[in-house]
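Add chain B to chain A, keeping to what the hints say.
Residue numbers (my numbering), protein chains in the order written: chain A, 16 to 209; chain B, 16 to 209.
No wet-lab data here; the hints were simulated from the structure.
As the structure is a computational prediction, the values presented were derived from the model and not from experiment.
Take these hints with a grain of salt, some might be off.
Each pair may be met inside one copy or between any two copies, as identical chains are not told apart.
[What the hints assert, rightly or not] 30 Å max Cα-Cα, derived DSSO-like pairs, lysine-lysine:
| no. | residue 1 | residue 2 |
| --- | --- | --- |
| 1 | Lys73 | Lys42 |
| 2 | Lys73 | Lys172 |
| 3 | Lys73 | Lys198 |
| 4 | Lys92 | Lys24 |
Protein chains: 2
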Amino acid sequence: MAKVTMELKTLVYPMPAFLVGANVDDKPNFMTAAWSGIAGSTPPMVTVALRHNRYTLKGIQQNMTFSVNVPSVDLVKETDYCGTISGARTDKVEVCQFKVFYGELGSAPLIEQCPVNLECKALHILDVGSHALIVGRIEETYVSENCLTDGEPDVDKIKPLIYVTQPARLYQALGEVVGPAYKIGRELTSAETS
Amino acid sequence: MAKVTMELKTLVYPMPAFLVGANVDDKPNFMTAAWSGIAGSTPPMVTVALRHNRYTLKGIQQNMTFSVNVPSVDLVKETDYCGTISGARTDKVEVCQFKVFYGELGSAPLIEQCPVNLECKALHILDVGSHALIVGRIEETYVSENCLTDGEPDVDKIKPLIYVTQPARLYQALGEVVGPAYKIGRELTSAETS
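Looking at chain A on its own, in the form it has when it is part of the complex (with noise of 0.2 Å):
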C-alpha cells in the first residue's frame, strides 16, 4: 500500500466539537473546540489547545477555571457559530440563548442545554507554539437527567458532534455500531493460541 506524504498536517479522525466556556470580565463565554481531550483519570483530567489570542484563554487566565461542554447534534448552528465569532465583539450566550449554570467553582459556566459538562480547574497552561495547551482537572461532571437510560449516561440520548476536516470541514453524527470495545479483539487472541 502506497503511502503519500501530507507534511505537517493536523490530521486526525475523529475529533470532537466541544464548547469550551469560561468567564470573561465575570462575563460567560463560549468558543468552539476539536483539540481537545481527556488526559488522565485520577484525578480525572482533560486538556484543551487555543490560539493565544482567544477571548475565552483570557477568561480562563483570569480565573484559572472553564468547562468542557458536549453539544448533542441539535446544537450544530450554535457550535459552529461559537467557532466562528470572537466573544470581544459579541454575547453568544445571548445570540444561542444558552442557559448558563455554575457549580462548586463559580467561575467556569457550564450550559445547561449541552448533554455532558465538565466544570473544570486550569492546572497548567502551556505554551506549545501557536496555541495554549490547558491542563485542566474535571472537578464534577454533569449529565442532562434526559439523556440518561438506568441512571447511566446513554450515547443514544446524548447524540454527540463530531467534527470531521479532510476533504470538507463537516459535523456529522455517530454511524454504526462497529463492535464491542474490550471484547472484538479477543478473535485474534483465540487465533493466536490455536
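Relative to the frame of chain A, chain B by itself:
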C-alpha cells in the same frame, strides 16, 4: 432541564481509537489510546495520555519518538486487541500482522494498514497523576494513497473508528452529515443582525 452530577467522570463524546506506536528495546509496539488529540498547528502538536506502567511509554521514553496511527473500521479487531494486551508479553505486530514502516525519525514505527499516520517527536512528558501526558511535535503525516480523492485525504475512504463509552464501550463508525462547519452557524448571525 435537570442535571445530574456524575462526580469525577472522564465523560466526553466522541473519543478516537488511535494506535500509538513506539520502539521498545528496538522492537515496534502499538497500544490503543482514546485519550489523545491535536494540541497546536504551528508547529503541529499532538497529545497522548498513557498510564505510567505502559510498555509503549517505556519505548517513548527510550527514543523520545512515537507515532499516532488512525485505524479504519476494517481494523477494529486489531485496534481492540492492542488495547487489551501488553507488548511486554506478546508481539502485537506479529499477531495483528501489521506492516511496519519508518520515516525520517527512524524510531517511530508506523502501521502501513492504517490510512493516516503521524510521526512524532516527544517534546514533554508531564506527570498528571495516573497518566503521563506526552506532548509531541508532528514531524510528518502519511496518508494511504487509496484514501485520497484528488490528492486530498477523504474521510469516506479513511472510515475512522470512534470510541464511545457509556452506557457500553463500543466502536462506532461515522454517521450522517449534520452540517457544514464554518457555515451552518451563519444562520444565527443573520438572525442576530436582522
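Taking the hints in turn, this is what the structure says about them:
no., hint, result
1, Lys73 / Lys42, "within (12 Å within a copy, 45 Å between copies)"
2, Lys73 / Lys172, "neither (33 Å within a copy, 39 Å between copies)"
3, Lys73 / Lys198, "between (44 Å within a copy, 26 Å between copies)"
4, Lys92 / Lys24, "both (27 Å within a copy, 27 Å between copies)"
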